[in-house]
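Engineer: Listed here are the chains, written in short residue letters.
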Amino acid sequence: MSEIDISKLPKGGKGFMHDFAADQTIFKGVPWGKAMMWIFLLSDTFIFSCFLISLMTARGSATAEWPYPSEVFGLTMFGVEVPLLLIAIMTFVLITSSGTMALAVKYGYEKNRKMCAWLILATAVGGLTFVGMQAFEWSKLIFHDGVRPWGNPFGAEQFGAFFFMITGFHGTHVSIGVIFLFIFARKTFRGDFDTGRRGYFTSMKSDYKAIEILGLYWHFVDLVWVFIFAFFYLW
Amino acid sequence: MEQNNKKTTTHSIGIYLWIWGLLFVFSTFSYLVDWYNFQGLLRWSLIIFFMLLKAGLIMAIFMHLYWERWAIVNVLLWPMTAIGVFIGIMALESEYTFLTRTLFFVIGG
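As they're listed, the protein sequences go chains U and E. Numbered according to the numbering used here, the first sequence spans residues 78 to 312. Numbered according to the numbering used here, the second sequence spans residues 2 to 110.
Hints listed in this document are in silico derivations from the structure and should not be mistaken for laboratory results. Quick caveat: nothing in here was measured; it's all calculated off a predicted structure. We treat Cβ as the ideally placed atom computed from N, Cα and C, and that holds for glycine. Just so you know, not all the hints are guaranteed correct.
What the hints assert, rightly or not - Covered, in the sense of this in silico footprint (three residues per stretch, anywhere, with C-beta under 8 Å from a C-beta of chain U), are these stretches of chain E:
#, stretch
1, 11 to 20
2, 24 to 37
3, 45 to 53
4, 59 to 71
5, 80 to 92
6, 100 to 107
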């Protein structure tokens, strides 16, 4: 693959015109895998947007009282009622794993194999912790509170369907991410990105750019959680 | 090639740690909105403000969009206006549904 020296190209608005008018690759200096990941994430953005917009529509049109998330997801710690405690911890865990991922990408490009691999592993553990806490949250709501997609003891019946759909879809993304993080941690420890060892699925050689692409996915999962936290839990 | 990568994609560790810290701070702030039980317009505007700040930092720094060329940045961000329009349409729709439901329950079918 021939590399384009993007530092010589015009930048900003001029660069935008230049890249689009060049009758060549538009996304200069962007590996094809990264461009495809971004396009996938864009389509995923639309899916999550549809979920959250449906939530807005259902909540706005419900005549019954919408359950107050602050109380529904509150936990009693040492006899004190703490609102959204678990959700707040989950948020911090996911942000932390996003931070370790960002550092993994940085060390990857610096060819610091060990550091990169440990940071990917730390990210995977963070993601796993998040999924674990989500499983706890789901089981508490299902078995303890009796929340179902068709009804719940707190208020408007639509609440359960939206809770399971939105957090479930996000949790699926996190779980898939965790699986890939563990695979990539192993690949990095083994030095696949230094030796150009061919991938099991793709049978293609890869380098540390793959970690940035994986990182994009992981940061996106964190990004979606920012919106879910705001619109589902805090609103 | 390696030289090129170095120039365009690695940044000092400081900026990542800063953004990491800021994300923690903003998350704490948005949690405090709930903790202090702000209600109404203040609650909603604070939630959206911290949400957009966090989203912006993640996209710009963690996802490197700040350093990308405008071609890909524009291709990724302009579609968001379609989502904005969709939010507007569905907000109207939900108000209309709420109105007809209320009328149904008050006056009857």
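Engineer: All hints are to be evaluated individually against the structure, with a verdict given for each.
Structural biologist: Going down the list of hints, with the structure as the test:
Counting residues of the stretch 11 to 20 of chain E whose beta-carbon sits less than 8 Å from any beta-carbon of chain U gives 6, enough to reach three: the coverage restraint holds. Look at the stretch 24 to 37 of chain E against chain U: 8 of its residues bring a Cβ nearer than 8 Å to a Cβ of that chain, three or more, so the hint holds. Residues of the stretch 45 to 53 of chain E lying with their CB closer than 8 Å to a CB of chain U number 5, which satisfies the three-residue condition for coverage. Counting residues of the stretch 59 to 71 of chain E whose CB lies closer than 8 Å to any CB of chain U gives 9, which reaches the minimum of 3, so the coverage claim holds.
Residues of the stretch 80 to 92 of chain E lying with their CB closer than 8 Å to a CB of chain U number 7, which satisfies the three-residue condition for coverage. Counting residues of the stretch 100 to 107 of chain E whose C-beta sits closer than 8 Å to any C-beta of chain U gives 3, which meets the bar of three, so the coverage hint holds.
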